[in-house]
Every structure is written in structure tokens, then in C-alpha cells.
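A.B. asks: Given only the sequences and the hints, what does the whole structure look like? Please build it.
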Amino acid sequence: PPPAPPPAPPPPTYDPSGVIGTIQGLMAQCGAYQLQPVDKRRLEDTEKRSGALFTKLQAGGVSQPVFDKLEQLCGALAAGDARTALEVHVHLTTTDWADNGHWLMGLKRLIELVGKLGVALQ
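First residue of the sequence shown? That's 7 in the numbering used here, and the numbers climb one at a time after it.
I should point out that these hints are in silico values taken from the structure, not numbers from a laboratory.
It should be emphasised that the depicted structure is a prediction, and the values quoted were computed from it without experimental measurement.
Ideal Cβ placement from N, Cα and C applies to all residues, glycine included.
Mixed in with the good hints, there may be bad ones.
As the list claims (entries may be wrong) - DEER-style ranges, computed between Cβ atoms:
{"no.": "1", "residue 1": "54", "residue 2": "122", "range": "11 to 21 Å"}
{"no.": "2", "residue 1": "37", "residue 2": "67", "range": "18 to 28 Å"}
{"no.": "3", "residue 1": "47", "residue 2": "107", "range": "47 to 57 Å"}
{"no.": "4", "residue 1": "34", "residue 2": "66", "range": "51 to 61 Å"}
{"no.": "5", "residue 1": "118", "residue 2": "67", "range": "19 to 29 Å"}
C.D. replies: Structure (C-alpha cells):
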């Protein structure tokens, strides 16, 4: 008989609420501005893409290493440090684009808006 498949990895044990709250808070702050039409469309697209990320996070569908990077990225963004957030984002896109490209594009747009508008949560 063929060998048994390897056991599935255990589900992640992270709590996504901090990451989700940070992203939602930053999107709300960006949305409070009188945005140019192009930025308004980008924010709307970011909101759609973030919904996919939130669903994936709540289902434990993001690996622990990716989640750790997301926490790092959100911490930098919450502090208004778009440059550090972008560095973490670049790392994620080079290592985990295949599984997460859809929402990574939305996060990139959020990082750009946060940097452009100078918003922060702290």
C-alpha cells in the first residue's frame, strides 16, 4: 500500500483581532479624508481585499510566520512608519506571494495611503 500522507500541520494559534483592528482603523482614518477619486478607488479596493485577509485570518488560513510579519507590518503602520511597513511588505511578497497575493496588493495600497496622508493610530 502507498505510504500514509504526512499529518497536517496543527492550526495556527494566533489571535488575529489586533491585526484586523489595526487595518480597519487605518482604513477608517484614510476614509475620513477628502480623497482624490483615484485614492478613493484604491481605498475601496483595499477594503475588499482586506475582507479576504480577515476571513483567512479568522479561519487560521495564514501561516504563523506570515502572521508574525503581518503583526510587525501593522505595528509599523499604526505608528505611522510606512517605510518599515513597506520593507516588511516587500519581504512578504518575495516569500509568500503565491498564497497571499490578493490581500498583499490591498495592504500595499493601504501602506501607500498611510504614507501619503501621514495617518497613524498612536
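A.B. asks: If you check the beta carbons of residue 118 and residue 67, does the distance land in 19 to 29 Å?
C.D. replies: Holds: the Cβ-Cβ distance is about 25 Å, inside 19 to 29 Å.
A.B. asks: Given a hint of 51 to 61 Å, does the C-beta separation of residue 34 and residue 66 actually sit inside it?
C.D. replies: The hint (51 to 61 Å, Cβ to Cβ) is violated, given that residue 34 and residue 66 are roughly 26 Å apart.
A.B. asks: Go ahead and decide if the range 18 to 28 Å is satisfied by the Cβ distance of residue 37 to residue 67.
C.D. replies: holds, 26 Å
A.B. asks: Does the Cβ distance between residue 47 and residue 107 fall inside 47 to 57 Å?
C.D. replies: Roughly 19 Å apart at Cβ, these two residues miss the hinted range, so it is violated.
A.B. asks: Holds or violated: 11 to 21 Å for the Cβ distance of residue 54 and residue 122?
C.D. replies: Cβ of residue 54 to Cβ of residue 122: about 20 Å, so the range 11 to 21 Å holds.
Consistency note: the structure conflicts with the earlier hints numbered 3 and 4.
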